[in-house]
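K.L.:
Now for the letters of each chain:
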Amino acid sequence: AQRVTQPEKLLSVFKGAPVELKCNYSYSGSPELFWYVQYSRQRLQLLLRHISRESIKGFTADLNKGETSFHLKKPFAQEEDSAMYYCALKDFNKFYFGSGTKLNVKP
Amino acid sequence: DGGITQSPKYLFRKEGQNVTLSCEQNLNHDAMYWYRQDPGQGLRLIYYSQIVNDFQKGDIAEGYSVSREKKESFPLTVTSAQKNPTAFYLCASSIGAGSNQPQHFGDGTRLSIL
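If you read the sequences in order, they're chains A and B. For the first sequence, the working numbering begins at 1 and goes up steadily by one. For the second sequence, the working numbering begins at 1001 and goes up steadily by one.
The following block holds chain B by itself, in its conformation from the complex:
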C-alpha cells in the first residue's frame, strides 16, 4: 500500500560518514516526524515538521539534521557527530498539528555501523 515510503531498508555507515535516510509520503499530510527505536526504549522523537520549510527538534536531535523543502519529503541526515547511530529509524506523518488524527508510519530503516 502507499502512504509513507522509507528508503533504504538497510543502511551501513562508516565511521566519520554522514548518511541520509529518505522519507516520502503521498498522503498530503502537513506534519512529518522522525523517531529512533532502540530495544526496550520505545520510540524517541528526533525531529518533527509541521509545515514546509519549518522543523523543530525533538528529544534526541543531537547528531541529526533534517530538511523540509517539499511537503511530501522529510529526509533525515545522521551526521558523524551522532556517536551511537546504530538503531531502527521510523518516519511518520499526520494530517497536522492540533488535530486528533493519528500518525501513519513507514516500514523503517535499520542503520548499522561498519
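Isolated chain A (complex conformation):
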C-alpha cells in the first residue's frame, strides 16, 4: 500500500531560521512526489514537484530514494511562509496525501 507520512503536525520557527518539513513515503515503484501548500483563506495549491527539481519561494525538496523521503527545506523562513503544507504521492491515477504540517513562522 502507498503511504505518505508527515510526522510533525506543527512546526514553529523564528523568522530567518532554517526550516525542514519532513515527508516519508512508502511506495514500491518510482514515486512522483509533490508538495502542496494552503495559506490562510486560500485554496490548496501546488508548491513544487520533485520531477521539476525547482525552487519555489525559496523552498526545495530532494527525493531520497534510499531513505524514502522528500523533505521540504528553506534556508531562511519568512513570516509569509506560515501555512499548512501537505506532501503527496501520485500513483498513476491516484494521489495520496500526508496528514499535513502546519508551519508557524514567528517574527
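If you're looking for bench data, these hints aren't it; they were derived computationally from the structure. A portion of the hints provided could be inaccurate.
Here are the simulated PhoX-like pairs of lysine-lysine, each with C-alpha atoms no more than 25 angstroms apart in a straight line [stated by the list, open to error]:
1. A:Lys9 x A:Lys65
2. B:Lys1014 x A:Lys94
3. A:Lys73 x A:Lys9
4. A:Lys102 x A:Lys15
5. A:Lys94 x B:Lys1057
6. A:Lys102 x B:Lys1057
7. A:Lys73 x A:Lys106
8. B:Lys1014 x B:Lys1083
9. A:Lys94 x A:Lys15
10. B:Lys1083 x B:Lys1070
11. A:Lys22 x A:Lys102
12. B:Lys1070 x A:Lys94
Following the hints, position chain B against chain A.
P.N.:
The following block gives chain B in isolation, referenced to the frame of chain A:
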C-alpha cells in the same frame, strides 16, 4: 481566478437526507477527484474519474455516490448511508492519469449535520 468551482461553500444536512455537492472545472482536465478532509487526517480520496462516464471508488467511498456525465462536472452526493458526513470536502482535477501533472483544487465545501 477560474479553474475549479465548488458550491455551495457551506451546506447543512438533516438526518436521513441526501445532499449533492457541485464541482465544475473549465481547465479541460480529464481527471477529477473528490476528497474528504478531517482534522489531523489530511485528505482522503472518496471517488475519482479519469474520463467522462467513468469513475472509480477511492479509499472511503461508502455512503457517497458520483456521476461524470460531462467533462467539466463531477458532482458528489452524500447519502443518508454516510453516518459521519460532517467534514470539509475538496474537489480537484488534473490533466489526466499517467501524466506527471499535479492536481488543481477548488475552495471546498463544508458540510455539517443539523
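K.L.:
Take a quick look at whether Lys94 of chain A and Lys15 of chain A sit within 25 angstroms of each other, Cα to Cα.
P.N.:
violated, 36 angstroms
K.L.:
What's the verdict on Lys22 of chain A and Lys102 of chain A, does the C-alpha distance respect the 25 angstroms limit or exceed it?
P.N.:
holds, 12 angstroms
K.L.:
If you draw a straight line from the CA of Lys102 of chain A to the CA of Lys1057 of chain B, is it 25 angstroms or shorter?
P.N.:
violated, 29 angstroms
K.L.:
For the pair we were handed, Lys94 of chain A and Lys1057 of chain B, check the Cα-Cα distance against 25 angstroms.
P.N.:
Answer holds: Lys94 of chain A to Lys1057 of chain B is near 11 angstroms, not above 25 angstroms.
K.L.:
When you check the alpha-carbon spacing of Lys1070 of chain B and Lys94 of chain A, does it fall within 25 angstroms?
P.N.:
Distance ~20 angstroms between Lys1070 of chain B and Lys94 of chain A Cα, so the pair holds.
K.L.:
Verify the proposed pairing of Lys73 of chain A with Lys106 of chain A, using a straight-line Cα cut of 25 angstroms.
P.N.:
holds, 17 angstroms
K.L.:
Quick one, are Lys9 of chain A and Lys65 of chain A close enough, alpha carbons at most 25 angstroms?
P.N.:
holds, 23 angstroms
K.L.:
With a cut-off of 25 angstroms on the C-alpha distance, tell me whether Lys102 of chain A and Lys15 of chain A pass.
P.N.:
Satisfied, since the Cα-Cα distance of roughly 15 angstroms is no more than 25 angstroms.
K.L.:
Take a quick look at whether Lys1014 of chain B and Lys94 of chain A sit within 25 angstroms of each other, Cα to Cα.
P.N.:
violated, 32 angstroms
K.L.:
Keeping to a limit of 25 angstroms between CA atoms, is the pair of Lys73 of chain A and Lys9 of chain A held or broken?
P.N.:
holds, 16 angstroms
K.L.:
Sort out whether Lys1083 of chain B lies within 25 angstroms of Lys1014 of chain B, counting only the CA atoms.
P.N.:
holds, 12 angstroms
K.L.:
What's the verdict on Lys1083 of chain B and Lys1070 of chain B, does the C-alpha distance respect the 25 angstroms limit or exceed it?
P.N.:
Given that 25 angstroms is the threshold and the Cα spacing comes to 29 angstroms, the pair is violated.
Consistency note: the structure conflicts with the earlier hints numbered 2, 6, 9 and 10.
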